[in-house]
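Trainee: One letter stands for each residue in the lines below.
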Amino acid sequence: MRKPVIDAVVGLVAMLVLSSLAIAQTAQSQSTQGNEARSPWKYYPRDIATGDGGPAPKRDLSGTWAGPGSSPAVPRGAAAERPSLTPQAQQLMNERKPIGKFGPAGANDPTARYCDPFGFPQNVYNEGRALSVATMPDRVVILFQYMDVWREIWTDGRALPAKVGGSDKDSLDPTYMGYSVGHWEDDYNFVVDTTGLDERTWLTNAGYPHSVNARVQERFTRVDHNTMKLSLTIEDPTMYAKPFSLGTYNYKWLSNQKFNEWLCLPSEQIKYLTEQGEPAGSFPDAPPARYGGGR
Amino acid sequence: MKMKTKVPTFVALIAGLLMMGPPLLAHHGDASYSPTPLELKGCVITEYTWMNPHSLIKFDYKTQEGVVQHWIMEIGSPPSMALLGWSRTTLKPGDVITAYVLQSKTGRFVGRTNKVILADGTMLGDRDDATPSRYGGDQKK
Numbered sequence: 001m002r003k004p005v006i007d008a009v010v011g012l013v014a015m016l017v018l019s020s021l022a023i024a025q026t027a028q029s030q031s032t033q034g035n036e037a038r039s040p041w042k043y044y045p046r047d048i049a050t051g052d053g054g055p056a057p058k059r060d061l062s063g064t065w066a067g068p069g070s071s072p073a074v075p076r077g078a079a080a081e082r083p084s085l086t087p088q089a090q091q092l093m094n095e096r097k098p099i100g101k102f103g104p105a106g107a108n109d110p111t112a113r114y115c116d117p118f119g120f121p122q123n124v125y126n127e128g129r130a131l132s133v134a135t136m137p138d139r140v141v142i143l144f145q146y147m148d149v150w151r152e153i154w155t156d157g158r159a160l161p162a163k164v165g166g167s168d169k170d171s172l173d174p175t176y177m178g179y180s181v182g183h184w185e186d187d188y189n190f191v192v193d194t195t196g197l198d199e200r201t202w203l204t205n206a207g208y209p210h211s212v213n214a215r216v217q218e219r220f221t222r223v224d225h226n227t228m229k230l231s232l233t234i235e236d237p238t239m240y241a242k243p244f245s246l247g248t249y250n251y252k253w254l255s256n257q258k259f260n261e262w263l264c265l266p267s268e269q270i271k272y273l274t275e276q277g278e279p280a281g282s283f284p285d286a287p288p289a290r291y292g293g294g295r
Numbered sequence: 001m002k003m004k005t006k007v008p009t010f011v012a013l014i015a016g017l018l019m020m021g022p023p024l025l026a027h028h029g030d031a032s033y034s035p036t037p038l039e040l041k042g043c044v045i046t047e048y049t050w051m052n053p054h055s056l057i058k059f060d061y062k063t064q065e066g067v068v069q070h071w072i073m074e075i076g077s078p079p080s081m082a083l084l085g086w087s088r089t090t091l092k093p094g095d096v097i098t099a100y101v102l103q104s105k106t107g108r109f110v111g112r113t114n115k116v117i118l119a120d121g122t123m124l125g126d127r128d129d130a131t132p133s134r135y136g137g138d139q140k141k
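Protein chains in written order, with my numbering: chain A, 1 to 295; chain B, 1 to 141.
Read the hints as simulated data drawn from the structure, not as lab findings. All C-beta atoms in this analysis are idealised placements derived from N, C-alpha and C, irrespective of residue type, glycine included. Be a bit skeptical, because a hint or two may be false.
As the list claims (entries may be wrong) - Cut-off 30 angstroms, straight-line C-alpha distance, at most; resulting in silico cross-link-like pairs (DSSO-like, lysine-lysine):
{"no.": "1", "chain 1": "B", "residue 1": "58", "chain 2": "A", "residue 2": "271"}
{"no.": "2", "chain 1": "A", "residue 1": "42", "chain 2": "B", "residue 2": "58"}
{"no.": "3", "chain 1": "A", "residue 1": "242", "chain 2": "B", "residue 2": "62"}
{"no.": "4", "chain 1": "A", "residue 1": "42", "chain 2": "B", "residue 2": "92"}
{"no.": "5", "chain 1": "B", "residue 1": "58", "chain 2": "A", "residue 2": "97"}
{"no.": "6", "chain 1": "B", "residue 1": "41", "chain 2": "B", "residue 2": "62"}
Said to hold, decoys possible - One-sided excerpt, in silico: chain B residues whose CB lies under 8 angstroms from chain A:
{"no.": "7", "residue": "30"}
{"no.": "8", "residue": "42"}
{"no.": "9", "residue": "46"}
{"no.": "10", "residue": "51"}
{"no.": "11", "residue": "53"}
{"no.": "12", "residue": "69"}
{"no.": "13", "residue": "72"}
{"no.": "14", "residue": "79"}
{"no.": "15", "residue": "102"}
{"no.": "16", "residue": "108"}
{"no.": "17", "residue": "130"}
Unchecked claim - Stretch-level coverage of chain B by chain A, calculated; a stretch enters the list once three of its residues show a Cβ under 8 angstroms from a Cβ in chain A:
{"no.": "18", "region": "31-40"}
{"no.": "19", "region": "88-101"}
Model the full structure from these sequences, guided by the hints.
Mentor: As structure tokens, this is what we get:
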């Protein structure tokens, strides 16, 4: 009777000793990882500032932010709404072949085929893993990691252009980023209105269209020093029966304020499509599947 | 009386669903590939290209009959794969790996990577469910 008790005590002691060794090794490993030299020139997507970092500065979004998909530390945002399409929008949708259904071989998405820029607003919520905000006296500039593109949001009190894309001499040309004006609704909410978007750009990678007269409104909220949120809505009576939300996206302060260059190069796109995408084939009638690809 | 109010609501709900378009944000689909991975041992890397939109791994695989097959398989984009431990220098020509590949339904030697095991035993995958989607928020169902 005594032997099983002794065996149990010996086993318990051995387990405790091994556990403490394992804990010590883990702690040492974590400590070593934490002490690794960090280059100020390198992008560390997982190195997000912890905590709130203190109160939000007033009327300031400046800095470099980690966005959706950049690391597990950036929480998922709120979902976009499903829009109600007008007949004109439905006709365009019938012509579009998004990569999600047709794959790289069958898609006619100009970004998926040719590395054409997403344009605004898709560049906010597609590949929007990092961005910087810079504040100038008369505008706020947003610098996007993906494709090294930027947009200007004018804060000098000007109105949005009345005519874009028309045949009049005084009508402005549509652009991939549109024309944007912004104002501080209060010390922590920056509201931006944009119009004049080039109709060649897709609203989403599912192929939703927009007209040149679409109005997109963004609300940037500086929650605290380390947290920013962005909500978008679109109003476009030509394409949609009513305004709808394009979702809410979360951003966290990137610790060393450095992101890397990340381009879509047409030469690499051609290599990918020629060697991989097109030989793999297009199966639009197959059930949707996703086996890999990270986030 | 209550039924009278519920039926129009139900009809309106169905009508609303029928008016809806496809999902607002769709992922890059993998419908071109078989869901069941092939295990290919002793694959010799011939080219590794760390690039957009998806990095590519080329390798030679010798069958039991001695026939050499020239394969190419994709992984995700560099920022996605970096979160899973991949880098520009993970592979080089001459490296020997075990490849788990989801072959194209066309039957060609083209596939999506399921995972690879390097010569030192390191396993690298091609899927990240820990990181919330780069699309920020999926669409409301």
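Trainee: State for each hint whether it applies.
Mentor: Evaluated hints:
1. 58(B) x 271(A): Status holds; Cα separation ~13 angstroms.
2. 42(A) x 58(B): Measuring from Cα to Cα gives roughly 28 angstroms; hence the hint holds.
3. 242(A) x 62(B): Outside the cut-off at roughly 59 angstroms; violated.
4. 42(A) x 92(B): holds (23 angstroms)
5. 58(B) x 97(A): holds (28 angstroms)
6. 41(B) x 62(B): The given pair, whose Cα atoms are some 9 angstroms apart, holds under the 30 angstroms limit.
7. 30: holds (5 angstroms)
8. 42: Result: violated, 22 angstroms to nearest chain A Cβ.
9. 46: Violated: closest Cβ of chain A sits about 12 angstroms from residue 46(B), beyond 8 angstroms.
10. 51: holds (4 angstroms)
11. 53: holds (6 angstroms)
12. 69: violated (14 angstroms)
13. 72: This hint holds: residue 72(B) lies near chain A, its Cβ roughly 6 angstroms from the closest one there, short of 8 angstroms.
14. 79: holds (6 angstroms)
15. 102: holds (6 angstroms)
16. 108: holds (5 angstroms)
17. 130: Given a least distance of 5 angstroms, the restraint on residue 130(B) holds.
18. 31-40: holds (count 4)
19. 88-101: Coverage by chain A is violated here, the residue count being 0 at a Cβ distance below 8 angstroms.
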